[in-house]
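J.: Below are the chains, spelled out letter by letter.
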Amino acid sequence: MNITEKILARGAGKSSVSPDDVVFAKVDKVMMHDVSGPGVIKVFDKLQKQGISVDKLWDPTKVWVAEDHFVPSAEKVSAENIVKLSKFTKQYGIEKHFKYGMGQYGICHTISHEEAMVMPGDIYVGGDSHTNTTGALGAFACGLGHTDIAYVLLNGQIWFKVPETYYFKLNGKLPEHVMAKDLILKIIGEIGTDGGAYQTMQFGGSGIDEMSVESRLTMCNMTTEAGAKNGIVEPDQKVVDYLTQRGATNMNLVKGDDNAEYSKTFEFESSEMEPTVAKPFSPENICVVREAPSVELDKCYIGSCTGAKYEDLEAAARILKGRKVKIRTEILPAAISIYQRAMENGLLKIFLDAGATVGPPTCGACCGAHMGVLAKDEICISTTNRNFPGRMGHVESQTYLASPLVAAASAVTGKITDPRDL
Amino acid sequence: MKGNVIKYARDNIDTDVIIPGTYLKIHDYAELATHAMEGLDPDFHSKVKEGDFILSGKNFGCGSSREHAPIALSHSGIKAVLALSFARIFYRNAVDGAFLLPIEIEQDAYDGISEGDEISIDVSVNEIKNITKNQTYKMKPFSEIIGKIIAAGGLFKYKPDQD
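Read top to bottom, the protein sequences are chains A and B.
In terms of this note's numbering, the first sequence is numbered consecutively and its last residue is 422.
In terms of this note's numbering, the second sequence is numbered consecutively and its last residue is 585.
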């Protein structure tokens, strides 16, 4: 069995599983946020009216809650959602609720690794499509909707069709000016936005061995954009060190068997990658930066679970140090812990000196919610993950998806810019 | 099930156009319905009728996991979405929450059915009839688990132990 099959087999209490088997698997961790949480509460209300008991959760210690999409509250409806969420976690005894304005908080997927909420080998489900992110720690991490999350909260298990696994062998270390974001955009460009639909996308090879955990998180994050059920990397010492630094102990590193089977194998020469962007209006609509259209950008957005981890901010700071931005530039660290490190290490000063604005952690404009959404015809270069029509605001705005290096370089010139050409 | 078709002849209709991100804070189902398909078709709300179907291409419902998407369509009156393929979270949200039927079709149905056609769907024999054009097409059968959850009326009513 491969790693995903092994994790699902354990969760299902079976000695082995194969692709297309349907299993009910026990869940180790479940997450919801200020959008999916109120949706789950609504499902609970419906169940109660149908006479189904919602008196207690299967295990509140395995549940954690993030406030991220609409914080700071955009207006009164989102403010009320936060209040509703707080009442829910209090009522059901959920202690791990990362609250805006009370120490550590941030985008749910960022909290999953910054706070070591998920361990290698876990079955982890979240009420958000980018839950795939956390598969970089060697867990089965999969996004679900409100009804499914409500089901998990009450029953501790959920059904899965065991996916087929596509194995992506990445050869060699990424060049200095290239980031994991460029590579995953390239992969999505090759296989398409349904190229991994319903399947596992597993990454391995020397390209992964050389990659930091945060870069692997970027890779797995965007498997969602290829339609994958989960993205995953077999855990190694880097993962152990990363999680240990964040307080984790007793890790159980599940890896695939030597004769693990993959339904398809792809090879990418990561050492030969070029800076890449995805043009409007799809993450698969890629080109190398040097062939990107010569558009006048209005805005640069460095934020989100995809592109505002510490490593991402460090990359942007390398470019922005001693330079000035030519377009509106917003930088939103993805969690308070990252914000704090960025402050301690002088990154925030570099950003402010460059003329950028630094905002609080939030999903914010990435999902068109608030805090910097785009106007009609505005063109943005963004370190986020989606550029569908209207994703970041007006349906006639445009978003180019890019790495933090490319986004920062483009902020300096006002045009889509290869960091080597600055 | 019988109704008229609203056709979007394109692939990759994502949840950001089915229900734009700014409405994710809303959990009133009727209010969500007033914004359904707003990112692609601002006239949708005024033209959709109870019992209508949506017909579209590949990878319908890709993107965000928002259950708001099948909710907004279902509370607009849409009983089924017919598509060449579906993104996974939209598909399971539609089924597990019993909001609407995601019907996978073949190219003949996609090409043969036009905007406004009256069709009937019989999932017991995996058949779609185009009443307007007097044509019949096959739908792809539901997998076993999906069929059972649909028959039960959603995940919460499905009892896996009784299998």
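Simulated from the structure, these hints should not be mistaken for lab results.
For every residue, glycine included, the Cβ atom is placed at its ideal position computed from N, Cα and C.
It is possible that part of the hints are untrue.
[Said to hold, decoys possible] EDC-like mimics (lysine to aspartate or glutamate), calculated; alpha carbons at most 20 Å apart, straight line:
no. : chain 1 : residue 1 : chain 2 : residue 2
1   : A       : K84       : B       : D450
2   : B       : K424      : B       : E537
3   : A       : K376      : B       : E537
4   : A       : K46       : B       : D450
5   : B       : K551      : B       : E566
6   : A       : K161      : B       : E453
7   : A       : K279      : B       : D433
8   : A       : K87       : B       : E453
9   : A       : K84       : B       : D433
10  : B       : K480      : A       : E190
11  : A       : K326      : A       : D421
[Said to hold, decoys possible] Computed list of chain B residues with no C-beta within reach of chain A, every gap over 12 Å:
no. : residue
12  : A431
13  : L446
14  : G461
15  : K469
16  : A573
[As the list claims (entries may be wrong)] Which chain B residues stay away from chain A? Per the calculated CB distances, all over 10 Å, these:
no. : residue
17  : G443
18  : E489
19  : K501
20  : A509
J.: Against this structure, judge whether each hint is valid.
T.: Hints, one by one, checked against the model:
Straight-line distance between C-alpha atoms of A:K84 and B:D450 comes to about 14 Å, which keeps the hinted pair within the 20 Å bound. With a C-alpha separation of about 15 Å, the suggested pairing of B:K424 with B:E537 holds against the 20 Å cut-off. About 29 Å separates the Cα atoms of A:K376 and B:E537, which puts this hinted pair outside 20 Å; it is violated. As the CA atoms of A:K46 and B:D450 are separated by approximately 12 Å, the hinted pair is consistent with the 20 Å bound.
With a C-alpha separation of about 23 Å, the suggested pairing of B:K551 with B:E566 is violated against the 20 Å cut-off. For the hint pairing A:K161 with B:E453, the CA-to-CA distance comes to about 33 Å; that exceeds 20 Å, so the pair is violated. Between A:K279 and B:D433, the direct Cα distance comes to roughly 17 Å. Compliance with the 20 Å bound is thereby established for this hinted pair. For the hint pairing A:K87 with B:E453, the CA-to-CA distance comes to about 24 Å; that exceeds 20 Å, so the pair is violated.
For the suggested pair A:K84 and B:D433, the alpha carbons sit about 37 Å apart, so the restraint of at most 20 Å is broken. Simply put, B:K480 and A:E190 have alpha-carbon atoms about 17 Å apart, close enough for the 20 Å limit, and the pair holds. Of the supplied pair hints, the one linking A:K326 and A:D421 holds, its CA atoms being roughly 16 Å apart against a limit of 20 Å. Non-interface call for B:A431 relative to chain A: holds, since the shortest CB-CB distance, roughly 16 Å, exceeds 12 Å.
With a closest Cβ-Cβ approach of about 5 Å to chain A, B:L446 is found to fall inside the 12 Å limit, against its non-interface label. Not every C-beta of chain A lies more than 12 Å from that of B:G461, the closest at about 4 Å, which undercuts listing it as non-interface. A cut-off of 12 Å between C-beta atoms confirms that B:K469 is not in contact with chain A; the least separation is 18 Å. Every CB of chain A is more than 12 Å from the CB of B:A573 (nearest about 15 Å), matching its label as outside the interface.
A beta-carbon of chain A comes within 10 Å of the beta-carbon of B:G443; the shortest separation is about 4 Å. Its beta-carbon lying about 4 Å from the closest one in chain A, B:E489 breaks the requirement of being farther than 10 Å from that chain. Non-interface call for B:K501 relative to chain A: holds, since the shortest CB-CB distance, roughly 18 Å, exceeds 10 Å. Distance check on B:A509: its Cβ comes as close as 6 Å (rounded) to a Cβ of chain A, failing to clear the 10 Å threshold; non-interface status is violated.
Checked against the numbered hints listed earlier, the structure breaks hints 3, 5, 6, 8, 9, 13, 14, 17, 18 and 20; every other hint is satisfied.
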